[in-house]
Amino acid sequence: MARKIQIINGPNLNLLGKREPDVYGSLDFDTFFTNLKRNFEGLDLHYFQSNVEGELINKIHEVGFDFDGIILNAGAYTHTSIAIHDAIGAIKAPVVEVHISNVYAREEFRHTSLITSKCKGLITGFGLEGYALALLWLINRPADKQV
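Under the numbering used here, the first residue of the sequence shown carries the number 9, and numbering increases by one thereafter.
Don't read these hints as lab results, they were simulated from the structure.
One or more hints might be untrue.
Said to hold, decoys possible - No farther apart than 27 Å at their CA atoms in a straight line, the calculated lysine-lysine pairs in the DSSO-like style are these: (1) Lys12 / Lys128; (2) Lys100 / Lys45; (3) Lys100 / Lys26; (4) Lys12 / Lys67; (5) Lys128 / Lys45; (6) Lys100 / Lys126; (7) Lys67 / Lys128; (8) Lys12 / Lys100; (9) Lys128 / Lys100; (10) Lys67 / Lys26; (11) Lys67 / Lys100; (12) Lys26 / Lys45; (13) Lys45 / Lys12; (14) Lys45 / Lys67; (15) Lys126 / Lys67.
Let the sequences and hints guide you as you build the complete structure.
Set out below in structure tokens:
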């Protein structure tokens, strides 16, 4: 059975390819996701994006007990959402936090993450390839390994 992985993107990530291409690149996420699925054919990959905090939390709850992993780019909610922090802590699936830009090379307020402590790891600054790096960790991690 193929491993089920959910990618969850937060606010403004629906604008990838249009929004600040010097920071986020010029490729839209749908095109990237299509290529990612092609490169990781053996996985059951799912994608969800919302600009609404509660919808992100609902998705984490929905998949957090049945999926083999979650890749989460919470966008600006990374720096503000105790509720997303708590949602990650409430589920069984491992979560890898991903950011397209290097948040530590940007504004000071982006240097603080309220969710990292509940995630298995953090990948930041590698562009969209950060999602592929997170996938590699999730699929090479033994299913019963507690990190």
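Hint numbers not upheld by this structure, sorted from lowest to highest
Violated hint (a single one): 3; every other hint is consistent with the structure.
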